[in-house]
Amino acid sequence: PNVCAVQKLIGTNRKYFTNCKQWYQRKICGKSTVISYECCPGYEKVPGEKGCPAALPLSNIYETLGVVGSATTQLYSDRSNLRPEIEGPGSFTIFAPSNEAWASLSAETLDSLVSNVNIELLNALRYHMVNRRVLTDDLKHGTTLNSMYQDLPIQIHHYPNGIVTVNCARLLKADHHATNGVVHVIDKVIATTTNSIQQIIETEESLETLRAAVAASDLNSLLESEGQYTLLAPTNEAFEKIPQETLNRILGDPEALRDLLHHPILKSAMCAEAIIAGLTMETLEGTTLDVGCSGEELTLNGKPIIANKDVLATNGVVHFVNELLIPDSAKTLFELAQESEVSKSTDLFRQAGLSSHLTGSETVTLLAPVNDVFKDGLPVVDSNMKNVLLNHIVRDQLSSKYLYHGQKLQTLGDKELRVFVYRNNLCIENACIAAHDKRGRFGTLFSVDKMLTPPSGSVMDVLKADHRFSTLVAAIQSAGLTENLNRPGTFTVFAPTNEAFRAMPQGELNKLMGNAKELANILKFHVADEILVSGAVGALVRLKSMQGDKLEVSMKNNVVHINKEPVAESDIMATNGVIYAVNSVLQPQASRPQERGDEPADPALEIFKQASALSKVSQRNPRLAPVYSRLLARMKENSGRF
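Going left to right, the sequence shown walks through residues 1 to 642 as UniProt numbering numbers them.
Please keep in mind that the hints were generated in silico from the structure rather than gathered at the bench. Given the structure is predicted, the values throughout are model-derived calculations rather than measurements. What you were told as hints is all true, and nothing was included just to trick you.
Ranges of calculated distance between the beta carbons of each label pair, as one might list FRET restraints:
1. Glu240 <-> Asp461: 56 to 62 Å
2. Ser456 <-> Arg26: 56 to 62 Å
3. Asn558 <-> Asn13: 49 to 55 Å
4. Ala215 <-> Glu296: 32 to 38 Å
Every residue, glycine too, gets a C-beta built ideally from N, C-alpha and C.
Taking the hints into account, I'd like the entire structure generated from these sequences.
As structure tokens, this is what we get:
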């Protein structure tokens, strides 16, 4: 009974009195913790008894300070003449700094307090006090308590992970009852706060560049207003790391500047002590930042770039950051691409002399193949490749969530691209989107899984232009299907190559070619009336052929298979469909020779089979004769049905 679990951070003196929300993590900022057990506040052990069964007698706040590990606060209370007040009658709450908290103060700060104990030290201690009893349940997130020093406010934050902070000092041990109040032990000596976030920016020398940017964007009023914000304030050093050209572009663009300054402002106050694992937090700009920690350091998007943390303001908290966090919405397409898995694509566009489309104010969408597409090296950039790349730049700034099936997009190369929406993918022609959009200042980046191939003619045009399909073209013409594959439509054609026809027995091939009806039937089995590109093929997709039977399309080892046959080439795009080259002629179910096991069950035949087998056995085993007789009777009963 009355035992509390404590997580101790290995290698430090830091303790976390755990609760259910923290218990299962067993890690603080990536470092393992050891679980130990202590008597809960107000209880002690009894020799020979389990747990901590004995309740301690209540004493006044002054005496309680010595019991809970805040002897230094007790000592300074005595020196500053606060002792009579916290020993006497009343109802108080004191947020008592731990012994380690006092020891961590700079020598200069501590000297200024203890050299004037009757004023500075007394006022500092009274700022840690509230003139009523306040338990943990009363410490609500975002509330303030009036201290006993000039009623100056104390900011309370109670986070979802169970951590409570008081002016960003973490509550270590809570709810130690006393006869005249309650004691909470905290991990820092807290100081009065009178400046807003804006006033901190105005007075801090290391934020001079930020101060000028805030003034230019009219953000002053927001940073002076009431509320609870977190400002991840870029220092002068952070601005100096940015290329001057980029910085000038952003500072000269009011919309980009606004996004730049709204991006490091979080919508709630987040003290460093509350971060014990990664959190995704929403910014004032509407995007998110990953705020986390690694050991003693805070991290932003995985980087330990916070130089100074927990500078408290009346309307939130400021952390000083040594890197400028530029949001995507303030970047050019070129900058977006350089930071993504499409950096090799940007090299191609640069070599082709197309950089101006990626760095200017032209509203476009870039379809950039991911780096894996070029694992064997970049293609040679010539006039043909330049035209190919122009067809990877779509007019207008798009968002993938607004694309719809059948939508037509115009490229800078004057080609028309189609949008295909599938259950598991979103594709533009043969290229499917491989990552979330990155929306920049004027352009949007779509990372795609392959080089895009715009259609170059109808299905028949494409087949005629490819020597591999000369036999197929002749067969289509012979079967009278040319017009069908020339008309507008949405076909998927599994096109047998010349090699596929040569693989057929000569007699069977001659018979097929001499029967226009049967030939048309076979060819229709190779065509589905919907477009399916390879990026949409999962474990299994079933398409209805124009002949009527189903086609089974699957993906195995990154190779498309049709009816279990591997495809030789995928995604040959046409204006009215897509073509797959196959090295075999597919056979509809009705045309395949069937084995006995595939035939429909015939009741009479089954009875006959059983009867025939049993007749032989019954001759050797008299006990089976009655079974044989019954089977013969069943044959007679069913003889009229078949």
